[in-house]
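Below, each chain spelled out in residue letters.
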Amino acid sequence: MYLNHLKPENAPHGEEYCTSMIGKNTHRWDGPAKVSGTMEYPSDVYVPGMLYGAVLYSPYAHANIVSVDTSEAEAMGAVCLTYEDVPKTVYNERSVSTPAGTYRDRIILPNKARHVGEPLMAVAAPTEELAYKALHALKVEYEVLPAVYDPEEAMKDGAPQLYDKIFLDEEEITVKNNVGVVRNIYEGDVEEGLRQADRVFEDDYSVGRIYQAQLEPKAAVVKPEVDGSLTVWGTCQSIHACRQLLGFLFQKPLSKINVKKMPFGGGFGSSIHVNTVIPICAALAVKSGKPVKICNTREGDFYSHNKYPTKFHVRLGVTNDGVITAGEVKALVDFGAHQIQPLPYMGCTAGWFASLYKYCGNITFEGTAVYTNKTPCCAMQGYGNPQVNFAIESMIDEICNEMGFDPIEFRLKNIRTIGDEFWAQGPTVRSIIKSSGTEEGLIEGAKKFDFANRGKFEDKTGKIRRGSGVARGFHASGTGGPKPGEVIDYSFATVKINEDGSVDVLTPVTDHGGGTWDAIRKIVAEVLQVPLDLVGLSPADTMNTGYDVCTHATRGTYCGGGAARNAALRLREKLFVMAGEMMDEKPDDLEVVMDPKQHQGCVQVKGYPEKRMTINEIARNAWIWSRGTLVHSESYRQKNAPPCFTVHFVEVEVNMETGVITLPRVLIYGDCGTPINPDLVKGQLVGAFNRGLGYTMYEWLPTDEETGALLNKGLFVDYKTPTAYEMPKVDNLQVELCKCYEPSGPFGAKGIGEAALASVQSAISNAIYNAIGIRFHEIPITPERVLEALKEKEAQA
Amino acid sequence: MSKHRITLTVNGEVHRLTVKSNELLLNVLRDRLHLTGAKYGCGIAECGACTVLKGDESVMSCLVPAVAADGWELTTAEGLVTADGELNVVQEEFLEKSAVQCGFCTPGMVVASTALLRENPDPTEDEVRDYLRGNFCRCTGYHAIVEAVLAAAVDAQNGGRL
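Residue numbers (my numbering), protein chains in the order written: chain A, 1 to 797; chain B, 1 to 162.
Rather than coming from a laboratory, the hints here were simulated on the basis of the structure.
Chain B regions said to be covered by chain A (calculated; three or more residues, Cβ under 8 angstroms):
id, region
1, 25-37
2, 44-54
3, 73-87
4, 93-105
5, 133-140
With a cut-off of at most 16 angstroms between alpha-carbon atoms, the simulated EDC-like pairs for lysine to aspartate or glutamate come out as follows:
id, chain 1, residue 1, chain 2, residue 2
6, A, 713, B, 46
7, A, 791, A, 657
8, B, 20, A, 129
9, A, 729, B, 147
10, A, 739, A, 439
11, B, 3, A, 129
12, A, 729, B, 125
13, A, 606, A, 595
14, A, 720, B, 46
15, A, 311, A, 778
Don't be surprised by glycine CBs; every beta carbon is placed ideally from N, CA and C.
This is chain B alone, in the form it adopts within the complex:
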């Protein structure tokens, strides 16, 4: 199996890694960088638990070969928290609206919601529901999540950090 040198910037830290052609970005994040925010839920981009940000865009890391991510700037749910522990508005509103239950979908859901609000700062409820249809949550029934995202949109418009 051929090996490749890649550079990944993850949550502001630059990592130079040697990866195999068949290595997936999700596995690199989890097994090599020991980040737990991106989760394995299905491995075929059906559930969204592995969602990370590439710049401001949401990406399902289980489908991306690590070699294809060379040069990417990535943010995981861990990276949405500032160095002094301050959560972003989406994370804050997930707590405020009780949008967290088992929490396994939560990091991916938070990342996807952040991507949505960076792309569309003032979404309608239908736009939130539509955007998040690729992120499964078996616990909450989604209502608290949708409410949290709509509230986070207002917070961000009022100067909150997204």
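This is chain A alone, in the form it adopts within the complex:
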């Protein structure tokens, strides 16, 4: 009986979980721990003897540190960390691009503040209270320098300069006029394309600076081990990127740094890079020789990462037949005081723009990214995609209104779809589209939403004006391509059959909450035909897993799941060899099937199912006969980055007296290929709609130009995010998953996460136009801006 106890009656979910679970809703494996508050996040980690760290944030937007005095803080028993104590290695917190495409401009604690909230010093003490007292006891003398907050001002001669020198890979670069990066991409001939057009549309669009507002402020715990190695728990979207950076900064072999994979309280891109507190925490741990924990305050967190604001100047040429003949986008990016990779940001922004429509192959993107004395910007769900989508999809709506095209037909005529080239993740990441849900979303969605009967704004009257808008978008699933590009992309998985036939999966891939780990478990269960509840997820860290670049770029399921699928496939071959020996059959003649009655995966002879062994019997025999463990590890690169598409239909009601906008009806089509877990896919689409609603109508982070501080002071009180109350009612928001299958994805799956946000903003804005005839070129569209625009329109009339 020993190790022979896997019976249906012992299974927590019974026979229900003993069929194919791909495409069915299953409970998250981490759900019970999360609903009961027992899941451990980085900010929950407690290590005996640990010190609590606190960070001194710059009160000035631009200042040199003239002198520091730590004596009082040290006399209180605190360990103090200043510029003098830290390695002077210049780094970029983000490492998903190749080194040749990575600018480096920061050190752990600088002697010059370049934005309000810049970490300048840190302390650690046995209690949090003492740490904060010590922080207040630090004496710092500053030489305050003039600061610049506007990117256009920053580029002028005589503007305050943030940097003299930075590095691109190993090369020293002189920064002129605060221009951090210029990225121009040309394909075809835009001027010729515009000449062939009957109309040329030209306009400006602008998207504001917002904050990721992930619920867990960034946190780290670092424990120095007796052998000189470091153990790290942190808010990491990539454990391997964190390890690499700490190795680089502290000049340790990677084998001396172990970063533990953990759940964390939301990312939305803000932990693709290694969060600023992690190297600070490591430096404190190294200096004190003790474990140290730092949790950002919410205020500190607001100042540590924002979303890229961007201004666009767009030109599109269109023929009277409704063909877009050329597209040109000029982008000005205000990325703040440090580069967390505006170079790939602009490459991707170019890619999202270029891959939306065909433009007859005539495409120009000219991007300039500028240093300002503000919080550094980083990824936030889309990496330029929602930004440029707002510009292009707004202009497409304008074109349709002006030239009388049907917005559905016009889009269908110009989209990139199956068979077309796609290079959304930048010009070096190219593949051919093999699946597309855009057509279903546009055609079926328009019918379901009764979009044709939305009317014209000219015919709408009264205090409440109702209008409908459509927009479409997409994102890439990962950054893979047939050839390696500027973004590193490969993943890893180990799959192991235990002595009782249950299975462990080991993956370095992190899960922000979207359910990536569940998808990976389900993919493995499906390949091996093992009941899902027999598939466990191993605790993972950087020492027991191969490299995975990051859970970013909507790649968790497609790339991480792809690696797991391949590892499980190779393991299945090994299983067939072993089973073949036990059953006296050729491996090629065997197959796996799930047997609900036995609650087991089984290996059987193809066409002769009477001859079979359960995986439990095989694994148990392998143990008894000392035949070894069935295990396979796979480092795997997906050679595509298939687009996952979305279409948003939105109905708004605009109150002409208050400027307040509500959303009576929303219809979302999402194409993720095969939805591994449909409810979780819908959760991505609804969650992204909520964030898009905030982005479009509420959220922005203006800077107080007197002080350089955020006007909201880093508090949620003055940073309005849409709550349960502002969302459309449950029945008024409908989500449909497109019937799509991606041939290159695990069981037909691709991503969805970032696609889910891409077209929310433009759909809402287009609906507002349909309601009141005002085109907003800038978000957020707050009630104040609506009223102002209404007044202006009235004055013009």
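We have chain A; now place chain B onto it with these hints.
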């Protein structure tokens, strides 16, 4: 800093503690009792991640000085689970409706929803949306949460444990 002797009953266990005047209930729960259900999200009662039950009433523990909580009977998300691991109806429905993503808001959201249903066993959708506006969730867009709370109300009326 003066110190105070207080008694807290947390998830049915009585704790006698000496706390400083400036010590917050959230920190006592997390750092002294090592309970992870109440989370720090903002520290100023804006996000609701620290929500706990005082009796049947929801309280944001980040704003309560521990000394003011003397004698309170508290329940955290951990305490909504029975000794043999059975979840309450709200927790069950959060799983059933896929109302959990990153999960950082979830314990506070579960506690606040439990408080709502104990106070108002049959809320309308609008009442749920209004009650939960103090609990931030950046992941889910709230719909699955609202659906879970409405379903839990039905479960509780049918005898499920709240």
